Amino acid sequence: MNTGFSPIWRDACQRSRNAIPQLAWLKELRDSAISVLAEHGLPDLTQEEWRYTSLTDYVQRGAAYLADKVTAADTATATLTVEETVGQPHLELLDGLLQEPGSGARVLPAGVEALSLRQLSPELRARATGLLASHKTPDDTRPLAALNMALLSDGLYLRSTATADTPPPPLHLRLASSGTAMAQPRLLIELAPGSQLSLIIEHQSAAGALANAVTQIRCGAGSRLDLLRIQDLPADALLTETTHVELDRDATLSATSLDFGGQLVRQDLSVALNGAGATANINGAFVVDGHRHIDNHTTIDHRAPDTGSREMFHGLATGHGRGVFNGRIVVQPGAVRTASALNSRNLLLATTAEIDTKPELEIFTDDVRCSHGATTGELDANALFYLRTRGLGPDEARQALITAFLHATLALITPEDLGVRVAARLQSRLEALDGAAI
Amino acid sequence: MQQSAPLLTITDLRVTVAGKEILTGMNLVVRAGEVHAIMGPNGSGKSTLAHVLAGRDGYTITSGSVSFRDQDLLAMEPEERARAGLFLGFQYPVEVPGVSNVYLLRAALNARRKARGEAEIDAAQFLRLVREKAKLMQMNESFLNRGVNEGFSGGEKKRNEIFQMAVLDPVLGILDETDSGLDIDALKVVANGVNSQRGPDRAFVLITHYQRLLDYIRPDFVHVLAGGQIIRTGDRSLALELEAEGYDQTVAAAKSQTQTAAR
Numbered sequence: 001m002n003t004g005f006s007p008i009w010r011d012a013c014q015r016s017r018n019a020i021p022q023l024a025w026l027k028e029l030r031d032s033a034i035s036v037l038a039e040h041g042l043p044d045l046t047q048e049e050w051r052y053t054s055l056t057d058y059v060q061r062g063a064a065y066l067a068d069k070v071t072a073a074d075t076a077t078a079t080l081t082v083e084e085t086v087g088q089p090h091l092e093l094l095d096g097l098l099q100e101p102g103s104g105a106r107v108l109p110a111g112v113e114a115l116s117l118r119q120l121s122p123e124l125r126a127r128a129t130g131l132l133a134s135h136k137t138p139d140d141t142r143p144l145a146a147l148n149m150a151l152l153s154d155g156l157y158l159r160s161t162a163t164a165d166t167p168p169p170p171l172h173l174r175l176a177s178s179g180t181a182m183a184q185p186r187l188l189i190e191l192a193p194g195s196q197l198s199l200i201i202e203h204q205s206a207a208g209a210l211a212n213a214v215t216q217i218r219c220g221a222g223s224r225l226d227l228l229r230i231q232d233l234p235a236d237a238l239l240t241e242t243t244h245v246e247l248d249r250d251a252t253l254s255a256t257s258l259d260f261g262g263q264l265v266r267q268d269l270s271v272a273l274n275g276a277g278a279t280a281n282i283n284g285a286f287v288v289d290g291h292r293h294i295d296n297h298t299t300i301d302h303r304a305p306d307t308g309s310r311e312m313f314h315g316l317a318t319g320h321g322r323g324v325f326n327g328r329i330v331v332q333p334g335a336v337r338t339a340s341a342l343n344s345r346n347l348l349l350a351t352t353a354e355i356d357t358k359p360e361l362e363i364f365t366d367d368v369r370c371s372h373g374a375t376t377g378e379l380d381a382n383a384l385f386y387l388r389t390r391g392l393g394p395d396e397a398r399q400a401l402i403t404a405f406l407h408a409t410l411a412l413i414t415p416e417d418l419g420v421r422v423a424a425r426l427q428s429r430l431e432a433l434d435g436a437a438i
Numbered sequence: 439m440q441q442s443a444p445l446l447t448i449t450d451l452r453v454t455v456a457g458k459e460i461l462t463g464m465n466l467v468v469r470a471g472e473v474h475a476i477m478g479p480n481g482s483g484k485s486t487l488a489h490v491l492a493g494r495d496g497y498t499i500t501s502g503s504v505s506f507r508d509q510d511l512l513a514m515e516p517e518e519r520a521r522a523g524l525f526l527g528f529q530y531p532v533e534v535p536g537v538s539n540v541y542l543l544r545a546a547l548n549a550r551r552k553a554r555g556e557a558e559i560d561a562a563q564f565l566r567l568v569r570e571k572a573k574l575m576q577m578n579e580s581f582l583n584r585g586v587n588e589g590f591s592g593g594e595k596k597r598n599e600i601f602q603m604a605v606l607d608p609v610l611g612i613l614d615e616t617d618s619g620l621d622i623d624a625l626k627v628v629a630n631g632v633n634s635q636r637g638p639d640r641a642f643v644l645i646t647h648y649q650r651l652l653d654y655i656r657p658d659f660v661h662v663l664a665g666g667q668i669i670r671t672g673d674r675s676l677a678l679e680l681e682a683e684g685y686d687q688t689v690a691a692a693k694s695q696t697q698t699a700a701r
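Keeping their order, the protein sequence lines are chains A and B. This note's numbering numbers the first residue of the first sequence as 1 and each following residue consecutively. This note's numbering numbers the first residue of the second sequence as 439 and each following residue consecutively.
Pulled out of the complex, with its shape left as it was, chain A reads as follows (with noise of 0.2 Å):
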């Protein structure tokens, strides 16, 4: 079966494969994904993994591009003018390319090191084809991370050693797309044993972009990772990303991921807990309105004795928008101690949007900790009343329960700055919901 994966696409690989002579260290690499797709295919609506999200349009829209023989490798003078969502990045992929640094670019945070997978040594190497290759990366089963590998044109190889007794700075990644090829980024992040790192991640593109990302994180022991990752893009844009994390003894991962943009976005977020005491705290929000479908996809594997998880997705749907959330935990046999506790939460203002939610619990060992929660419902009338007699008109009652529903959120971004800045930008975008908010 090979559905989606037509001769355009293989054509387009086979191309890819050898264009970047300073990635040719990908050649096996790259090899394997073929081969990947060429059995799994693009996935489509029989899959469970994708009944909710229709990748139609997606392929579609990428065809087009690759007919034109346009790869991202071409696309290196492509430009993009975006407004700022959260301030300046350090570090921009443009369609996956990683861009030169202008003047007055703003200087990394001590104890980090990033480079272009093109720019790599022998050594680097070998530790990017670890983590590229690593136990249960993406890459083995996922087509949409076996695509990004075989059609990417370049990366980011990024390091943190940093130990700093206090909060390091964030870094900002922009991952940008043009809209005049598809993008592959790829990110590859290795946290240091006892370094630290705080990151955001941020999607951008023009009107009518199609990216496909990855990143691989691997946190050393007793390291400490901060994940913002956001995206606000064009109502006409689409964007698939595969985001794997792993964790070794005494890790934490603190990650938060806010969707408020985009015609089409799948997340497929995935987080070993490998290491005793490893522990990942993963918030959510999206917010579909207008004819916008999100769909966040979460798997979370505890592997070792005295992992913890604690995950929770904050979804807003009105309009014709569509979200979807499936929040997977799994507990290996030998996890024991494994505490974990999982709920999505989701408010519905119009009977014409939809919210698919499903936890999923696969335990296979005794002695756990393990909750699950999901609902859906309507703004609690009990409290739009409660405001009104106070004062506040209808439509300042809905808004103010909605900013608070979401709000949840936000409030778990460190530094608090940063929080304050994305409330602003999710306030605009909830003035302006596309759709009734009965």
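Check the hints yourself; a few may be wrong.
[What the hints assert, rightly or not] One side of the interface only, derived from the structure: several residues of chain B facing chain A at Cβ under 7 Å: (1) Gly457; (2) Arg494; (3) Ala513; (4) Pro516; (5) Arg521; (6) Val534; (7) Ala549.
[What the hints assert, rightly or not] Computed list of chain A residues with no C-beta within reach of chain B, every gap over 10 Å: (8) Pro193; (9) Gly391; (10) Leu401.
Simulated from the structure, these hints should not be mistaken for lab results. Everything numeric in this text was worked out from a predicted model, so none of it was measured. Heads up, the beta-carbon is just placed ideally off N, CA and C, and yes, glycines get one too.
For chain A, the structure is supplied; the task is to place chain B on it using the hints.
Using the frame of chain A, we list chain B on its own:
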């Protein structure tokens, strides 16, 4: 004493809920400066009265009228009633996570000012006001930035209602079972909050099941509500009588009197 003009006039008010008549011809006049207590057994229509006055959905008014400051109260939206100076203290104050007390109060004050064509409240002036009232209600300032009633104890919620009332400065406060669930210390704080707001231009309607609250907030009038109408009106001694004899006897006596009078 010369009588002031009525703030609130309820005339022959009949209200049904899901087809059942709960208020069956209620009459009440409340003038500025007065404190009225409405007492009654469970199911007599006390909370229905409070909700109808505040404008809650789900009640059908089949006849009668309510005028508030010479306006048709029943034709007004809940927020219009609030902006006109009516305040309802809830029996069960609602938790509104994520909407802070200060946000709510500033938005409420500004909504009222906007309705009157006034400018938004000055930030420093607002802060002084809420601090002063928080102190009056012996509320820790940390409560101001917490979500409205979020995780508050029963007593804290009631205290927060009176605090909101103090900040919003209404002309008519309707307090629905504000005393229920309060220990004696909290009751004193709440009563003190209400007493400090008493004045010639303001009136209160205290809806309560027990006369205990009236030891601390002395009413000018006590009404007994039973079967959806006021069957007896007296001064504070009526509350003491109810306490001593219970509702059953008082209601039965009032009914037989009414029947005798009818004959």
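Going down the list of hints, with the structure as the test:
Of the supplied interface hints, the one on Gly457 (chain B) is violated, with its beta-carbon coming no nearer than about 21 Å to a beta-carbon of chain A, more than 7 Å. Interface hint status for Arg494 (chain B): upheld, as the beta-carbon distance to the closest one in chain A is roughly 6 Å, under 7 Å. With its C-beta approaching chain A no nearer than about 15 Å, Ala513 (chain B) sits outside the 7 Å limit, and its interface hint is violated. Checking Pro516 (chain B) against chain A by beta carbon gives a least distance of about 4 Å; that is within 7 Å, so the hint holds.
Checking Arg521 (chain B) against chain A: minimum C-beta separation of about 5 Å stays under 7 Å; hint holds. At its closest, the beta carbon of Val534 (chain B) sits 5 Å from a beta carbon of chain A; the interface hint therefore holds under the 7 Å criterion. Hint status for Ala549 (chain B): holds, given a least beta-carbon distance of 4 Å to chain A, under 7 Å. At roughly 38 Å from the closest C-beta of chain B, the C-beta of Pro193 (chain A) stays outside 10 Å, upholding its exclusion from the interface.
For Gly391 (chain A), the condition that its CB be more than 10 Å from all CB atoms of chain B is violated, with the nearest at approximately 4 Å. Chain B draws Leu401 (chain A) into its interface by the beta-carbon criterion, the shortest separation being 7 Å against a cut-off of 10 Å.
When held up to the earlier numbered hints, the structure conflicts with 1, 3, 9, 10 and fits the remainder.
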